[in-house]
Structure formats: structure tokens, C-alpha cells
Amino acid sequence: MAKIIMTADDSASIRQMVSFTLKDAGYEVVEAIDGKDALNKLNDSKINMLITDLNMPNMDGIELIEQVRGKSAFKFIPIIMLTTESQAEKKQRGKAAGATGWIVKPFKPEQLIAVVKKVLR
Amino acid sequence: MSQLNIHAEAYRQEALELLSDVEETVLDIEQDPGNAEHINRLFRAMHTIKGSGAMFGFDDIAEFTHHAETVLDRVREGAVPVNKDLIDLILASSDQIRAMLQAADGGAAVDGSRSEQIVSGLKALLHVKGDTKAFSPENMETSDSAGSMGGEKITFRIRFRPGPSIFATGMDPAILLDELRDFGDCVVTAQTEKIPSLYDLDPEQCCIFWDMILTTDRSINDIRDVFIFVDDESEIKIDEIASDANKGNDRKRLGEILVERGDVTKETVDKALNDQKQIGELLVKSGAVSREKIISALKEQQTVEKRKATTSSGSVRVPADRLDNLINLVGELVITQARLTQVSAGINDAKLAAPVEEVERLAGELRDCVLNIRMLPIGTTFSKFRRLVRDLSSELGKEIKLKTEGAETELDKTVIERLDNPLVHLIRNSIDHGIESPEEREVSGKSRKGTIRLAAEHKGANVVITIEDDGRGLDAEVIKSKAIEKGLIETGDGLSRSEIFKLVFAPGFSTNTEVTSVSGRGVGMDVVKREIEALRGSIEIFSEKGEGTTVRLSLPLTLAIIDGLLVKAGESRFVLPLSLVNECMELTKDHAANAHGRHLIPVRGELVPYIRLRDIFALSGGPAPLEQMVVVESENMRVGIVVDEIIGGHQTVIKSLGRMYQDAEGVSGGTILGDGGIALILDVPKIIQCAEQEEK
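The listed protein sequences correspond, in order, to chains A and B. Sequential numbering from 1 applies to the first sequence in the numbering used here. Sequential numbering from 1001 applies to the second sequence in the numbering used here.
For reference, chain A alone in the conformation it holds in the complex (with noise of 0.2 Å):
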């Protein structure tokens, strides 16, 4: 059975190239755009992975993360972060809200899947 992945961010760009390598990749995806979008979408879907934007409206990633930790189903879950080298304070952050990893903008479709490889199987 297919992995699920969650991807959410706000940019429309950066939700259709994820989706792409990772559905091209073997991967289901399931799109959210903003924090609060995804948080609905975790009780449709049996997701394996998060991949999340650090800049978002509604609930930002961080709180996104904190929420997605306290969910019992979600609390071990691979969840990765896409920070923007100038957000170090914002990673510490993420990391401390329980997030497993990062990917650093910009990045290429190898390097997602290289992440997406590191922390699920």
C-alpha cells in the first residue's frame, strides 16, 4: 500500500512541484494551504508524513506541528519542515514543537525525496 504524504503550504507553486516528485516518487499526497486546512484534512485521511511550510496563514507551521503531535494517531509520525535559511530561530522552534526534520528553500526534487527517504518506510 502506498505511503500517504501530507504536503501543506501556502504557495500554490510549491504544493504542485512537491505533489508532483512525490506522487511520481510512488507516494500519495494530500494537499492542504494552510495550517488549519490540514488539521481537517488529518481527520479524512490516514496520512504516514507531514511535509510543512513554516509561513502560513490561518495556523502556522509550528502550531500546525504542535497540533499534529498531540493527535495520538499522529504523535510518531516523520513530520519535515521547509524553513528559508534565514528562519534558524523559527527551526529551533519546529524542532522543539517535535518536528523530525527539514528541507531548506530552495530545493530540488531529488533532495525532497532524499528527506522523504530518510524518515519513512
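These aren't lab readings, by the way, just hints derived from the structure by calculation. Values in this document were obtained by computation on a predicted structure and should not be read as measured data. Ideal Cβ placement from N, Cα and C applies to all residues, glycine included. A portion of the hints provided could be inaccurate.
Unchecked claim - Taking lysine-lysine pairs in the DSSO-like style, the calculated list, with each CA pair at most 30 Å apart, reads: (1) A:Lys71 with A:Lys95; (2) B:Lys1237 with A:Lys95; (3) A:Lys117 with B:Lys1194; (4) B:Lys1194 with A:Lys71; (5) B:Lys1237 with A:Lys90; (6) A:Lys90 with B:Lys1123; (7) B:Lys1486 with B:Lys1545.
Claimed, not checked - Covered by chain B, according to a simulated footprint, are these stretches of chain A (three or more residues, beta-carbon under 8 Å): (8) 4-14; (9) 68-79; (10) 87-101.
With the hints as your guide, set chain B onto chain A.
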């Protein structure tokens, strides 16, 4: 790569939307500088433009936007104040980014010196010269990046002791061990000495650590990279050991035993992971909570979550031509359904009539649905004008406030697009000629700040858009004399005010003595009128000298399908837009006789001029004995259109007559009738004009 091109297009669209957002939000901030939500929104927009830009190859945009993003970040912190300089620079940045997007799409090359100018302006806001961290895309090193040193294998001893809460960060150490296994021969030993007895065991904590012996041609940095995510909370020791230490046949057996011991450890880890999924079970087992309480708590969890789950209203991007295609098809369907209805009426079979009626209802609903898809709120157009008003009034040294009403009023997408230019022209007129300078206004006892009001509302089957200003208004006398000068009218006597104002629409008409860069060339109003009429709308001007001017546009809600009234004159059939029809009545010979040769007829106390379609279109044959008259109203004038027969209501799919008949007067299109015949759609305003002229 074509893959990159798909994303580039998506980025371009996204960036353009974000830029509109930036403009609107910046203007909001200008009104409300302390609003943190706006500032955050602005920051996020720039952040995304930059981040996504770098992702999809738009490095120049990313680099340029970096500066605006940095400044906005400081604004968020409160270190940089919100003032006019900031607003201007952000707007300038937005324009420049737009130019860069266009340049990337084959447009004109970007002015590099302008970019530099903006960037120095932004840097100045930070009070630091050249200190903003230069933007450099940072790439995560992947373990795929070749770190091998030409095949030479080295053996490393690796001790990996993850922090006890490693599972809470979603990391499965076993995957990392597998990653190491991919590097080469790897022997893993799990050290279980720290695992407490089952009673004391917290399955969410990791108490295992691992020793590994790895023989690989990868570098020590590659190995360190494996642990990049867990580095902070884990103990990782990597040591190189002499490559000959583990050679020999003994190694295998030792390895097997170690692996065996590793298996046992792996089970323990799996067990711990499995246990955490059944917290309920654990609680029941430990006697802390009764089973019933668990079940009811679970039920509550599910119910609350279900209630909270709102279906996020998603939206779908659809290329505009696909929509046009859909509308075309629906149009054809409506025509064909009309024919079906007609044929069925002829056959008069009850079993056929029912489904045919159903089809008619469904086709109607489908028509309404599809036309609705293209409806967009006019608010986006209004927002654009805020920027225009701000820039233009600033340029001309005037103080003007823009008020908008009815931004949620919806119009067909095409209509909105085609309204853009006319509205810009009308607003420019208001700003340039309408609103006076602050000093002039004070002298006449008005407030220094002028107001322009943009309003939109639905009225029947039309949308009425009003552009109203409280400026100096139109001077009817000046217009009259200018018109006489240009030979448009003879004396101007006996012209009502509204007729005088209509003169403004004549080509080449302009009462300006000075041509500014903004307006005054006299090429504007007639183009505006033509454009509005091309949309089957109408335009009216009201004005009071010294008080202000109001321009009112009335536009039909949709271009493609209208409800029409089918009439017959001679052998030809015509369609009148039902929205313009007031009423119908018979025109008997007596009526004609009582008119004493003038074409006037009393309709409910009012005298209404009428005109025969036969006469307009020079149809052969004499008038029928009993004629019908359709009273139409347009631009507050009522006219009767006399026909031989009124056939009935007809859903009309408007088909253009084509280029050749573009200038045909009195006709605005054609439609195919149920029996396959053709009816011409009448251009009512034009016909009314003809009727007026005839009256003279």
C-alpha cells in the same frame, strides 16, 4: 526540463496574485498602520514570492524580493516604522517584480538601475548600508552527493545513542540504521542495557542505543549526514578503525550472533512502537481507566472531530477558454432543446411532453449555472483603482478619497475585463478635471479632500455602476459653445441638459485647453461610450456645476444568453431583449387614425412615440390589419416598436453576426430558432435613437 516549465507557469500565476495582494494590503496598511495582521500578510506574500521564486529558477526575482522581505521582517518586529517611504518602496518593488515576471515571459527587459534604486531605498530604511544578509540559496546536502573517495573502503565504528524522546520527533532510528546499511557492510548491535523492566518501561521513550561497524567507501561526512536530523538530541560518535582489524573468517560468525541479538532488539523496538498506538489498551491494562470510559471517550473524540471538520471550500483553476467552450456547448444545447420542445409540441404526445419539459427545466438550470461560473465580484477591479487614485492624485497635487460600494456585485468575467479601460478613463477624468485642487475647494467652501464614489449594484437584469465625484461639475454652457465651435450642433437651443452632456461623447470633443499626460486629448469619452455599447450597455452623465458629476453605466449581466421576446414583421422574425420590454399592446387602426399623422400613441396616460419595424428594415408588404406594439424602455425613454405579431418569450443564445455585419445598424446579433430558422436580435437603444430622429 518541461517539468520545471509547468511549475514556472504556476509560479508566475501565483506571483501575480500575490502582487495584487501586496498592493491591496499595502494600501490597507497606509490607512491602518498598526494592524499586525496586515503586516504579517504583506511579509508572507513577499516571503512566498521570494521562496517559491528561488525554487523555480527565478533567481533574479528571489534576490530582488529578498530586500523587501528583510525590511518587512523588521517592520514586523517594530524596528522599522510604517511611513510613506516604506509604502512607496513596497509599491515600487511590487511593480518591479511584476516587470521581472513579464520579462521572464518574453516581455521587455527590466531596468536594472531601477532595481538598484529600489534596493538602496529599502536598505536605507534599515539604517544600515549593505548589511542585509545577501541572499544565497542554501542547499541541503544529500547523502547522494558523491562523497566517495575512489573506492577505498574504510571501516568505522559508530555509536548512535538517540535521545530518549527521539520517537516524539517522528524519527524511527531503524530507518537511519538502514541508511547506513546502504553505505556498505554494516553490522549493527543494539545495546539494551538501559532498557528498564517492562513495568517501568515507557514505550514512548527510546532506551536503546546502537553500535555499528560499517565498512564503506563513503566519507565520514556522509556518515555524519545520515544523522543530520537527530544530531542535536543524540550522541553520535564516529571513529575510523584500522581496516584490517576485522578481516578474517571469524568475522562472519560474530556478525551472525550480533545480528541475531539485533533481531531481538528490533522486536523490542517494534513492540514499543505498537504499544503506543493503543494508549487506551494500556490505560485499561494498568487499571487506570475502565474500558467503558475509554470507549465513550473515543466516541466523544470522533463526534467532536466530525463536527469540527468543515469541508474546506476548494476551488479549481480552469483555463478561460475551457469555460468559453463549455458556455458555447450549453448555448447549443439550449438551442437544440428549444427545437425539441417545439417538435414535441407539434406531436402532442403526453408521454413525450413530460421528459421534454424536464429537459427544458434542466437546460435552463444548466444555463444559469454555467453563466454563473464566469461571474466574478467587481471588487478586484475596484481595488486596482485605489492604487490609481492614490498615485494620480499625488501626481496632480490633489487630495482625493476613494469610496467604494457594492464590491461584492458580480459580473461576467469578460464584462469586467472590458470595463477596465473605460472605468480607468472615467476615474481619470474625475481626478483630472472633476476634483479641484485643495485650495480651490477651500475657496468654494468645500472640504480640501475630494471624494470619488465607485458603486455597483444589481438592478433587474442589469448591473449599474456609478462613478460620482464632488468636484466642479460640468458647465453646460462651455460644452454648448465648444460643440457649436466644432460644428456638432447649430445653436444648442432647446437642448435639455442631458442632451448637452451627451455631446461629450462626440469623437474629438474636449473642452480642455490644455492637454495633460493624463487626459484632454479628446480621444476618451467616445471610446468609452463605444466600449460600453459594445457590451450592450448604456452610459449617462448627470452633473451640477460646482457640485459634481455622476456617470452611470448600465450593463447587462451576461453576454451570451438572454431572455428575449420573439416577434414577427413581414416574413422575418426578430428578438427583443426581454429586460428592455415594458409592455405589449395592440395597435388598432383607430389608434393610428387618432394620432393625426404623427407617430404617437397614448400608453396609460403618457404619449409614447412608436416606430414600425417594417419601416426600419424596409420590409415588403403593407402593415397587417391588427398590429402589435411592444413598448421598450431604454435610458429613461419609452418607445413603441410596432410588429405584425408577438410570438412569445424565447431563450436567446446570442450569436454574433460576424465581422461583415458589424456596422449593421439596429441589429446586435442573431439567434437560431427552434425550427432552425434565424431571428435577428434588435439593438433597442439604436432603434430608439432612430425613432427620436424620425420624430424630428
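Now the hints, each set against the structure:
no.: 1; hint: A:Lys71 with A:Lys95; verdict: holds, 17 Å
no.: 2; hint: B:Lys1237 with A:Lys95; verdict: holds, 22 Å
no.: 3; hint: A:Lys117 with B:Lys1194; verdict: holds, 29 Å
no.: 4; hint: B:Lys1194 with A:Lys71; verdict: holds, 28 Å
no.: 5; hint: B:Lys1237 with A:Lys90; verdict: holds, 28 Å
no.: 6; hint: A:Lys90 with B:Lys1123; verdict: holds, 24 Å
no.: 7; hint: B:Lys1486 with B:Lys1545; verdict: holds, 22 Å
no.: 8; hint: 4-14; verdict: holds (count 5)
no.: 9; hint: 68-79; verdict: holds (count 8)
no.: 10; hint: 87-101; verdict: holds (count 5)
Every hint, counting from the list given before, is met by this structure.
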